[in-house]
Amino acid sequence: MALLEIKNLVKSFGGLKAVNDVTFHVEEGEIFGLIGPNGSGKTTTFNCINNYFPITSGDIFFKGKSIKGLKTYKVCHLGIGRTFQIVKPLARMTVLENVTASAFCRVNTIGQAQKEALEVLEFTNLTDKKDKQAKSLPIAGRKRLEIARALATKPELLLLDETAAGLNPGELDEAIELVKKIRDNGITILIIEHIMKVIMTISDRIHAINFGQTIAAGTPEEVANNPAVIEAYLGGELC
Amino acid sequence: MTKKNLTLIILGVVLLAFPLIVRSDYYQHLVILAFIWVVIGSSWNLLAGYTGQVSFGHAMFFGVGAYTAGILVTKLGISAWWGMAFGGILAMLIGLFVGWVCFRLRGPYFALATLAGGEIFRLIATNWESLTEGMVGILIIQTFRSKLPYYYLALLLAFACVYVIHLIMKSKWGYYFVSIREDQDAAESLGINTTLYKNVSLMVSAFFTGMAGAFYMNYMAFIDPEVVFSLHYISIMAILVGIVGGVGTIMGPAVGAFVMVGVQETFRSAFFGLAPKWISQGHAMAFGLLVIFAIMFLANGIVGDWSKIKRHVFRIKTSST
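One line per chain: the protein sequences are A and B, in this order.
Going by our numbering, the first residue of the first sequence is number 7, and it counts up by one from there.
Going by our numbering, the first residue of the second sequence is number 288, and it counts up by one from there.
None of these hints come from the bench; they were simulated from the model.
Backbone N, C-alpha and C define an ideal beta-carbon position, used for all residues, glycine too.
Check before you lean on any hint, since a few could be wrong.
[Said to hold, decoys possible] Label-pair ranges, simulated between beta-carbon atoms:
no., chain 1, residue 1, chain 2, residue 2, range
1, B, Gly394, A, Val16, 24 to 30 Å
2, B, Tyr396, A, Asn14, 32 to 38 Å
3, B, Gly421, A, Gln139, 30 to 36 Å
With the rest of the complex left out, here is chain B:
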């Protein structure tokens, strides 16, 4: 327990000190992206990993949050930072609608509805040009020139998200979510209103994802439908972050976020310029291989199978000495 606390304190200090030591904008940018993915991955994990309701459409909530922040600036002329609140709330309401329709049913309906929902919102954002500027996208002016404020805000958001989920999982809600995942019939007979609590899980998940989207708008200062409502860059990536890091663990998506952003960037930059350029096209394949590897050898993800990883690494060490 104390060892665990010590690890967390060291991790906190490292993350707080990182941008003061590593002054490169590039690396700070990568870590900010990873923080955003920590939020999306953890939110997805609350719903899919803990409550057992797999979403293929978290881009829906992310995009709604981002567009809310953007539209607040372009149409109402107020700060995009308000989007952090309103984007989260709007995403939550959309989540509630999807859940209200789907959660009374069991089976794959919810997964399919989220898959369709993400695409529907992408098409709306593309075609409702008077509101969203369509494919042109929304461009705003960044609040800060330095990356530092964004870094600490993203860190705060990621920390808040992981911590809130940690608290939820130690409460009545958390027990109810896992009960629903394990056996819905048993859960009902134990007095759990499964429809209600699936919706609660979805709303919390959508809220944080919407906030992440609004932060993305503020930070990147540019969005278009193909980026923020993207099926493979957002919805599928959210699932990969969860699977690689560890579904149904608190720290899993956080670890998964850093791994996935790392892998993505390594390929995008063609191994930081060391490999031939064409390899940068291969990141999707690398993701595929990574997921196959994770499912074959680390079915519970990096965090879920941490003891297994330690054992193997330890064995290699002892055999080499």
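So here's chain A without its partners, still in its complex pose:
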């Protein structure tokens, strides 16, 4: 049984079908890449999974159970953590407070929550910044904080939304290392990414969409050589 199953997912905004009949599944323990050009419906898919808005039709299963229509916070309690492409730090809280707030998802006392938060900060290399205000972090730090916060909720499945965008080459390598480290800790990862270097090196399987529809699926090599993917990214021949 797959950890996450997306079946015939459709999400329309008025007449626009942002996601149109997408089906895929994520196996436990893998890094699953979701790629596609701008506006192809990747983030919308994420928003459907954690029910940021209701889906139009289709169904989503987590560990065999439908999570369609489940409130966003309940999806998190079930074990699906997510980061936001446009980072949402809790600006006027310190880094430690940010992560502590999310650690309360699994524990109830401040002592335990802080202990867990410190462990996560250690894991994500943010320990030296723990007393800084979240708004004072540069973009790389904010992206890392997004991941730290999601990890503190102890997810089984982590949805990463373009955590490498806007990073310089050095930071990029660190981000790749971090994602691999998370997977090695037994957390399944569904990742959206634009940067091919990242997605091609870390994904076990890749699913490509464009205009809300599946155009290719398979191993990184298969997808990279797929004509439809090349056309979507580089454009077709001029007629």
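Given the structure of chain A, go ahead and fit chain B onto it with the hints provided.
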């Protein structure tokens, strides 16, 4: 840390000893009023300052608490002190109703609903004469002749309110409240039931405000709808206490309460009889100027910008020597 503790201990001793040293009923009365405002301001601050849900209608909870205490005496013949419990609980339930309706929405709906709610309750209290005596108001007999018992009860209530909020802010609830204020979407995705916790914050806030109202009934022994459900004397004043003292700080509303009661009384008494009488009409304008000053120079309030104030005062001192 120890310096902070020392300050708190000195503050505690001063407040405990105050009525024994200053025997004047007048000054004791002013401090009792300030204590009541500490409770209302801190409650408002828990909801607006920490949870980010601005209320323009805390008079609703204050008035409900006061009227509960009053009606217990006039209709049921039991002590108005029971109102401290029942008034708080009733205010809490009314808060829950408002929150249940509004908190599933985002945006200004809650603020507008509280604004309307306060006015609705004022009109109910004015018109439901068989229950509330309408504009005649409710008059009860005070339990104590001396101000001392009221002083210590008000001090206890203010201390309990500030301390409980302090404890809440150090717990899971506190972290959740601030997360909701900072970013509701992020909070939801971190597993926080934002609707529930906004309601929790509102209920605690309404409960303490209702208790303050019930205490006011016991202490003043007279209420009417225009006083306890007043938009500008209660609801807006609650906001001013928060803004001047410092929104989103524990001690801010406590400091703001003393400043605002001080300013109000200075004007009401025409600078203690030193200024011409007409100036007593000017307290509303003084509030306005004070808020403009606070927003321009102390955007985080007296407590929030305390380091800034200290720096300026210190600089003036060094330059004059």
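Hint check:
1. B:Gly394 / A:Val16: 24 to 30 Å: holds, 29 Å
2. B:Tyr396 / A:Asn14: 32 to 38 Å: Once the Cβ atoms are compared, 36 Å apart, the range 32 to 38 Å for asparagine 14 of chain A and tyrosine 396 of chain B holds.
3. B:Gly421 / A:Gln139: 30 to 36 Å: Violated, at about 52 Å.
Hint 3 from the list above is the single one not met by this structure.
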